Structures are given as structure tokens and as C-alpha cells.
Amino acid sequence: MNELEAKEEIRIIREMLEKTRRSAADSGTFFLVWGFLLILAVVGNYALALAERYSWIWFNWILFPVIGVVFSCVYWGRRERKSGMKTYASTAAGYLGIGCGVAFFFLGIVFPAFRVYSWGVIGLLISAVWGTYLFTVGGIFDWGLLKWCGAISWAVALGMVFIDEKYRGLAFIPLILIGCIIPGFIMRSQYRRERLAQ
Amino acid sequence: MTAEKFEPLDPLIHSQVRLAVMSILMSVKQAEFNFLKKATETTDGNLSTHLSKLEEAGYISVRKRFRGKKPLTICSLNEKGRAAFERYLKALEGYLRPGK
Numbered sequence: 001m002n003e004l005e006a007k008e009e010i011r012i013i014r015e016m017l018e019k020t021r022r023s024a025a026d027s028g029t030f031f032l033v034w035g036f037l038l039i040l041a042v043v044g045n046y047a048l049a050l051a052e053r054y055s056w057i058w059f060n061w062i063l064f065p066v067i068g069v070v071f072s073c074v075y076w077g078r079r080e081r082k083s084g085m086k087t088y089a090s091t092a093a094g095y096l097g098i099g100c101g102v103a104f105f106f107l108g109i110v111f112p113a114f115r116v117y118s119w120g121v122i123g124l125l126i127s128a129v130w131g132t133y134l135f136t137v138g139g140i141f142d143w144g145l146l147k148w149c150g151a152i153s154w155a156v157a158l159g160m161v162f163i164d165e166k167y168r169g170l171a172f173i174p175l176i177l178i179g180c181i182i183p184g185f186i187m188r189s190q191y192r193r194e195r196l197a198q
Numbered sequence: 001m002t003a004e005k006f007e008p009l010d011p012l013i014h015s016q017v018r019l020a021v022m023s024i025l026m027s028v029k030q031a032e033f034n035f036l037k038k039a040t041e042t043t044d045g046n047l048s049t050h051l052s053k054l055e056e057a058g059y060i061s062v063r064k065r066f067r068g069k070k071p072l073t074i075c076s077l078n079e080k081g082r083a084a085f086e087r088y089l090k091a092l093e094g095y096l097r098p099g100k
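Those sequence lines, one after another, are chains A and B. Anchor point for the first sequence: position 32 equals 32 in the numbering used here, and the numbering is continuous, going up by one each time. Anchor point for the second sequence: position 53 equals 53 in the numbering used here, and the numbering is continuous, going up by one each time.
Derived by calculation from the structure, the hints in this document are not laboratory data. Keep in mind it's a predicted model, so treat the numbers as computed, not measured. Hints are not guaranteed to be accurate.
What the hints assert, rightly or not - So the derived list for chain B, only partly shown, Cβ under 8 Å to chain A, looks like this:
#, residue
1, Gln16
2, Ser27
3, Val28
4, Leu96
All C-beta atoms, glycine included, are put in the ideal place defined by N, C-alpha and C.
Same shape as in the complex, but just chain A (with noise of 0.2 Å):
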């Protein structure tokens, strides 16, 4: 071999790790779907409590999740199958992602129905949650951004704690739009300009 046949080489191991990280690239899908229910949810939550409908709220926040978790199977079954492949960052960020979807059911939905503490303390808590998320999900595919809304969530959660019960949900749409809206059109961005790129 001469060092003209070790440069093609070393070409075609670029390529190959070309083609992978385009293939494994995500389209921002998750994140903005995740986060227009998440604003729908908040959205009910505050027209039911102006409705006083107040026996309704606990079905708003089953309902929009429980779409979010279809969505996020059937997402990322057919993600697996186009790709024809899977990373290591991917199962990581998968697992994190089932994860803190048990620990939100949990901190959400279980603790306080055994009346465990009271409603108002779960936005705190998911807001802790969704930033140990976020947070991880940035370090695991070194996105800075990520990690950046990561330590925001951590300090709205912390804020939270000097807002009146009453106006918490609230605190979750910047978070929202912090924590998924901006990094979903991100994505979606870079994903497109890379598909055009090809």
C-alpha cells in the first residue's frame, strides 16, 4: 500500500461515518410534538380552571400525555425502522427518555393522588425532572443548547418555589418553549439543511 491508497481509505471511513451521522440525525419531531401538547395541556388546564371545571383538570393532564406516549412509541418505531440502524447516544437518550416518563407519571400522577404532597408541588418537581432530561440528553449527543435549557428548567423549578400555587402552570410555558418549541425548530432546521446538502 502507498500513502495515495491509505488516503482513499481513510476517505471511505469518513464517508461511512458521513452517512451514519445523517442517518441518525433527528428531525426535531419529538420535541415539537411533545411540546404543543404539553401547551395544549397547560392551554386546558387554565380554561378548565376558568370553566371550574375543576374535576376535568386531572383528565387533561392523563389525555395529552397519554397522546405523547403513543406518539413517542409508534415515533420511534418507525424512526428505527427507516434508519435501519441504532447508536449508542440514541438507546442511551431512549432509556433516559423512558426513564423520567416514569418518573413524570409518578412525581405527576401517582404521588399525589395518594395525597403523597399537594398538586401545587408537581410543577416544581416535573420542571426538576424535565431538566435532569434535558440536561443529560445535551451532554449525551454534546449539544450545548441542551444543556443550557437543562439548567433553566433547574432554575424555573427553583422559582417556582416563590410563585403562588395558583400561577405555576404557567411558569411551564417559557419552559416549554425553552425545553422543546426552540430545540425542536432547531433541529428541524439543521435536518433540512442537511437533507439539502445531499
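Given the structure of chain A, go ahead and fit chain B onto it with the hints provided.
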């Protein structure tokens, strides 16, 4: 520099298709046959032959499953393959002049 100073390249990886397959599997947990075929731009038969060689050497694992009624072949890199690929890259570096 004389040829004697170069480290020999692993003949099992020193093939365009096998090198491409090993490069992909190095960066993922697992990859399906169709993904490898599309990425390496090769035919079913050619890829199968190369995968068999890598599997026989213990570099990769090949599992066969079904997705619905369709057969599915999933490949992943073994520890032996990972070590061999790292050695291969190191040997390849030797063929490149510094700064190239």
C-alpha cells in the same frame, strides 16, 4: 522510508466493502443489512460474502430475526473487531506522511 517500516494491514479489513462495513459498525450499536447495503452501495450477494468473512473472523455478530413476515439481518461489532479496527487505523496512519 522503506516498506519494511510499515505495519502490515489486517487482510480481513483491507477490502473496500469490509472497511466500509467496519467503519459503520464502529460508530453504531447495530445496523441492519439494508442500511449497510445502501451505505456501501453494494449488492446483496457481495455484502453477504463480506459479512460472512467478518463473522467467521469473530469481528462482527450477525443475528437473524423477523420483522412481521420480512427477514431482518442485524450486524454489530464485537470486541475483537473493535480492537482489530483500532489496530488497522493505527497501521494506516503509518502510511500517511506527517501533516497529511
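Unsatisfied constraints (hint numbers, rising):
When the structure is compared with the hints, none of them turns out to be violated.
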